[in-house]
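Visitor: First to last, the protein sequences are chains A and B.
For the first sequence, counting from 1, position 300 maps to 688 in my numbering; every step adds exactly one.
For the second sequence, counting from 1, position 311 maps to 1486 in my numbering; every step adds exactly one.
Keep in mind that the hints were calculated from the coordinates and are not lab data.
Accuracy of the hints is not assured; some may be wrong.
[Said to hold, decoys possible] Subject to a maximum C-alpha distance of 25 Å in a straight line, what follows is the list of computed SDA-like cross-link-like pairs (lysine to any residue): (1) K1368/B x G1386/B; (2) K1517/B x R531/A; (3) K1517/B x G544/A.
Each chain, written out:
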Amino acid sequence: MKQNILTGVLLAVIALLVALPWFAPYFYIFVFTEILILGLFAVSFNLIFGFTGMLSFGHAAYFGMGAYTTAMLLLHLDWPLLYTLVAAMALSGLLALVIGFFCVRLSEVYFAMLTLAFGMMVFTIAHSWRDVTNGSDGIAGFRISEFGLGLDLVMGNPAVYYHVTLAIVVIAALVLYVISRSSFGLILKAIRQNPERVAFCGLNVRSYRLASFVIAGIFAGLAGALMAPFLRVASPELMHWSLSAEPVLMSILGGTGYFMGPFVGAALFVLLETWITSYTGAWMLFLGIVLALMVMFFRKGVLGTFLDWWMNKND
Amino acid sequence: MKQFNAKNLMVSTVTAATLSLGTGNAMAEEPIRFGAIYILSGSAATYGEFAQRGIDLAVEEINDSGGILQRQVEVLYEDSQGKAATAIQAARKLAYQDNVDALLGLDSSGVAQGMVPTVPELQKPFIITHAATPDVTGNLCNEFTYRISVNVPQNQKAAAMIAAETDAKRWTTIGPDYAFGHQTWEYFGNYLKEMKPEVELMEQTAFPRFGAEDFTPFINGIMDADPEGIIISTWGGDLVNFIRQANNLGFFDQGYEVMFTVGAATEVLDALGDQMPEGVWLSTRYWYDAYDNEANTRFVEAYLDEYGSAPSYNSEGAYAAIYAYKQAMEAAGTTDGPAVAKALSGMTMEAPNGTVTFRPGDHQAMVSPNWGISGPMHPEHGIRTLTDIRVFDPEEVARPVEETGCTL
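Input sequences plus hints: build the corresponding full structure.
Guide: Here it is as structure tokens:
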């Protein structure tokens, strides 16, 4: 029963999101495009954090890789957007495979530090390799001429881009959800709870960790690939470690225990940022206070705390 | 959502209060809103602050004398943080959320390159008052984007003309590691080579990261390479740090021809005082003492009166941009974005830096950089004076439209 209500609420939220451009102020199209993209980024991150129990501080590397791939393909080859998204996922997945190969051998703080180190290496390459990445200025000035599949969409129209983003993010989230509910996903959860026991069951923990790392990288790449055409620029900031911190914050804010938690976290994060920066530049101070309170008193995050309370209410 | 309503309410209350102090005619209508995007935080925040000063001065003058199209004027500021993505989001917010009528701003070339291609979507005119990259009035140009300030090719053509007069043959550069630094060297080198083919453009150059604190290794590297002339495009707080460190290392005692492409910025001179060496070439997009005209006299007096220091070029550009919009909106008889953008094309105005025309071919204002040699300290303003001031013919230093890559 409650499961049905939740599904109903989720469908209603998606319906509201679809209808957003017709009732919300125009500016909110941009706000929600950003929420969707960062939400996907955070959900991909939560696959390794909340599910597999590995805290990565270098997740922006794959996000940025996706962003640069799309931006450069649009700029130099004028590919349809859809193809660039696929290419971005492939390259980000490849990058995650290479970096993950080294990182999954370590655990806990050593894993976190190694992902951070690799993340900064990727950032430095994007920042310094002027001939290819255009250095700190990033890749800008590209056009999106078509979406692909013969669809006649005006990608320059923010409302159209919002709907494209919404459709892709919903599909991507569904795929991630199916993965997380599959037997593969259950093994990831088991690894988080007790890696030794999983190993004793005859499963190769390292391979599972690597697989989850690569899948997360692929979807982070997709999020980044959607971000570059939205911002109209792919700059090294999209790879910086401070952006790697954002999915961590969003996941904690929303709740790591539920699949939709990071989406809720991303929505809160972006909306609070939009509102608070209208009044003061000290947005980070405010965010710090909120996060400190969350971690101290509501460790399951906004969505997690609410759902746990609601699910147990009448039982 | 609630917070936004509260904010809108606040703005309209403030507006109502301002209006009731204004003229009777203005009471009936909404004010004309300008959206200004500058660096308002971090190490380059002084530039945003100086732009703000210029804008506030212009808005005050205009509101005191009846506004634009008999409507009062107000300005909303957004912080670009020196990042293209932030500036693009800020422009979208200003255009769609705050419903501004026109945009101005941008301190950084990198930010300008990212943002300019997105301007036509907003359907609002946009005047760049500081960022100097040639691309925005070149291959990235569009019908909504204008620039009132001096660009890199204009300044480097002038720089090369001066450099060609000196005896220095071996030239190198020190500049920030982004579009501005690299393009300065590219244009300077090309122009100088054209005028004086025997010069050597050295392989050894230095591009420290923008915002780098320590320039010592770069200064040492350049001194080891033993150049005869150096064009330096480091600017803002970086330039202040650079010159202090260069003084300590004896950089200015080597007999080099030293040319600072943004060295005569008053905020830099102010911060350095007599630490700015005497006898080096300094440039600025506008030197307050270089023009003898009515608009300049009024601007400099009002500025000194209001802020107690000599106006910076960034204040002048931002100040002039507001007046450019006033003239264009009055010529168009409307604040409609495309109409105002169209009115700016080919428009000629009287600005503090003389008679300025927005060239229809690329929307670049025909303006001249000001170069001069640093002289004794100014007795009242507390900064170095400029001697041998050179004001160039705008037509002579501008790229021909065909070379800009702009097809308007």
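Visitor: Evaluate each hint against the coordinates.
Guide: Evaluated hints:
Simply put, K1368/B and G1386/B have alpha-carbon atoms about 30 Å apart, too far for the 25 Å limit, and the pair is violated. At roughly 24 Å between alpha-carbon atoms, K1517/B and R531/A fall within 25 Å of each other, so this suggested pair holds. Distance restraint check for K1517/B and G544/A: the Cα-Cα separation of roughly 22 Å lies within the 25 Å cut-off, and the hinted pair is therefore satisfied.
Hint check: a violation occurs at hint 1 only; the rest are consistent with the structure.
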